[in-house]
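What follows is each chain in one-letter form.
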Amino acid sequence: AQSVAQPEDQVNVAEGNPLTVKCTYSVSGNPYLFWYVQYPNRGLQFLLKYITGDNLVKGSYGFEAEFNKSQTSFHLKKPSALVSDSALYFCAVSENTNAGKSTFGDGTTLTVKP
Amino acid sequence: EAQVTQNPRYLITVTGKKLTVTCSQNMNHEYMSWYRQDPGLGLRQIYYSMNVEVTDKGDVPEGYKVSRKEKRNFPLILESPSPNQTSLYFCASSLSNTGSSRGYTFGSGTRLTVV
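Quick mapping for you: the protein sequence lines, in order, are chains A and B.
Just so we're aligned: 19 in our numbering is position 19 of the first sequence, and the numbers increase by one with no gaps anywhere.
Just so we're aligned: 69 in our numbering is position 69 of the second sequence, and the numbers increase by one with no gaps anywhere.
Honestly, the hints are just simulated from the structure, not real lab data.
Errors might be hidden in some of the hints.
[Claimed, not checked] Taking lysine-lysine pairs in the DSSO-like style, the calculated list, with each CA pair at most 27 Å apart, reads:
| hint | chain 1 | residue 1 | chain 2 | residue 2 |
| --- | --- | --- | --- | --- |
| 1 | A | K69 | A | K113 |
| 2 | A | K101 | B | K69 |
| 3 | A | K58 | B | K69 |
[Said to hold, decoys possible] Some residues of chain B that are not near chain A, with every Cβ distance over 10 Å (derived):
| hint | residue |
| --- | --- |
| 4 | T20 |
| 5 | S49 |
| 6 | G107 |
[As the list claims (entries may be wrong)] Some residues of chain B that are not near chain A, with every Cβ distance over 10 Å (derived):
| hint | residue |
| --- | --- |
| 7 | M27 |
| 8 | V52 |
| 9 | D56 |
| 10 | S108 |
Computed from a prediction, not measured in an experiment: that's the story for all the values here.
We put the beta carbon where it would ideally sit given N, CA and C, even for glycine.
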């Protein structure tokens, strides 16, 4: 069975500092990995994905994530956080043998303070 | 505007009264999926569909039904709702089941309360 872990319920950073939101996964085959962001009372918005290729993936709003196969991780990063980045972030995984079935993490609340 | 439209946005119903939450997308996407979001549990997949007449169970399909008779619509049916189905529901679609270059597009959500 596939699974996703987001070990931190909450991440707090100061505006202008780098941020990292952690994600580790478990799948039987090759992973398809995604990050989404959810603002209050809104649906989820796609940030970026890893399917294959370069381990460093760049996405929307200046976010990037690095796929690390040996550590089964896909941490979300941004070099300089903005107050407007404050939101709920979800990591999700599917696997190449059954890409329709997706599993989400429990979410990490990011708070960026001025 | 390219979008996934869910209706209704809010619904309060009573135990056992059949209901349908509609989901429609105007992007000619092949893949559609339903999730429920509960505090502390993230999003859990209920059902997904790879194309017309092709549906499969996600992690929490019990108590739900779906159909995919046409590409644009993917309704979620609760034949006999129970209070433990009180949740926030999201429909999502994408060009393919790997999310295409734009990832999955999510609807705005349906907040369901079963009393």
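Evaluated hints:
1. Proximity of A/K69 to A/K113 is assessed by CA-CA distance (about 33 Å); at most 27 Å being required, the pair is judged violated.
2. With a C-alpha separation of about 20 Å, the suggested pairing of A/K101 with B/K69 holds against the 27 Å cut-off.
3. Distance check on the hinted pair: A/K58 and B/K69 sit about 37 Å apart at the alpha-carbon level, beyond 27 Å; violated.
4. Residue placement check: B/T20 keeps its beta carbon more than 10 Å from all beta carbons of chain A (closest about 19 Å).
5. Residue-level check failed: B/S49 sits 8 Å from the nearest beta carbon of chain A, not beyond 10 Å.
6. Residue placement check: B/G107 does not keep its beta carbon more than 10 Å from all beta carbons of chain A (closest about 6 Å).
7. In this structure B/M27 is separated from chain A by more than 10 Å, as the shortest Cβ-Cβ distance comes to about 13 Å.
8. At roughly 14 Å, the least C-beta separation between B/V52 and chain A is larger than 10 Å, which holds for a residue marked as non-interface.
9. Under the 10 Å C-beta cut-off, the non-interface status given to B/D56 relative to chain A is violated; the minimum distance is some 6 Å.
10. Consistency note on B/S108: stated as away from chain A, yet its beta-carbon is not over 10 Å from all of that chain's, at 5 Å minimum.
Of the hints listed earlier, those the structure fails to meet are numbers 1, 3, 5, 6, 9 and 10, in rising order.
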